[in-house]
Amino acid sequence: ILNVEQSPQSLHVQEGDSTNFTCSFPSSNFYALHWYRWETAKSPEALFVMTLNGDEKKKGRISATLNTKEGYSYLYIKGSQPEDSATYLCAFPPGATNKLIFGTGTLLAVQP
Amino acid sequence: DAGITQSPRHKVTETGTPVTLRCHQTENHRYMYWYRQDPGHGLRLIHYSYGVKDTDKGEVSDGYSVSRSKTEDFLLTLESATSSQTSVYFCAISESEGEGNQPQHFGDGTRLSIL
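Protein chains in written order, with our numbering: chain A, 1 to 112; chain B, 1001 to 1115.
With the rest of the complex left out, here is chain A (with noise of 0.2 Å):
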């Protein structure tokens, strides 16, 4: 069964904070790693699309690191502001596909 994992349920932290969190995913047959962020009463929002090994991605203060050959994606976020607080997804197709298979996220909470 092909499966992704993220790391860990939930983070809380404080203003100002740098934070990072992990998803995993099988690193066979690899073809896209998607981040999201699910902002409570809201719906997600893609963040990043990553496709190649040693991808970096940056939008603002949020940035994303991707090993394909082991199977992990880093999700950063620096100096984290309460309006950061949210769900972050990964997800991933398997195989040459559009069907995402997504992780059950990582809680962030920022308090100020």
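To be clear, the hints were calculated from the coordinates, so they are not data collected in a lab.
You can trust all of the hints, since none of them are fake.
List time: in silico DSS-like cross-link candidates among lysine-lysine, alpha-carbon distance up to 27 Å:
| no. | chain 1 | residue 1 | chain 2 | residue 2 |
| --- | --- | --- | --- | --- |
| 1 | A | K99 | B | K1070 |
| 2 | B | K1057 | A | K99 |
| 3 | A | K69 | A | K58 |
| 4 | A | K78 | A | K58 |
| 5 | B | K1053 | B | K1070 |
| 6 | B | K1011 | A | K42 |
| 7 | A | K42 | B | K1057 |
| 8 | A | K58 | A | K99 |
| 9 | A | K58 | A | K42 |
| 10 | B | K1057 | B | K1011 |
| 11 | A | K42 | A | K78 |
| 12 | B | K1053 | A | K99 |
| 13 | B | K1070 | B | K1011 |
| 14 | A | K59 | A | K69 |
| 15 | A | K42 | A | K99 |
Output of the computed footprint for chain A on chain B, the stretches with three or more beta carbons under 8 Å from beta carbons of chain A:
| no. | stretch |
| --- | --- |
| 16 | 1049-1061 |
| 17 | 1104-1113 |
Quick reminder that beta carbons are idealized off the backbone N, C-alpha and C, glycines included.
We have chain A already, so just place chain B on it with the hints.
Chain B in isolation, oriented as in the chain A frame:
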């Protein structure tokens, strides 16, 4: 924001009744998806469509059917709703270029309760 509208936004119905959820997009994207979101499971794909009249099953398709007669509309039907289908349902869309490497854009969700 991607032009995706889900209707209804909330629905309460009884076990055994048919239910149809609608997803409408104004982006002319080829791919459309239906997911359900349940505690402890994250988002799980029910069905998706890769064109008009072209659909395929996802990982939790049992008890659901879909139809896509126009590019802009993707319907999800529960023929005979069961309590296990109580969930929040999300529609998503994506462009066709590059299998698996296009971001998906989500609607606001439909909260469905089956009593």
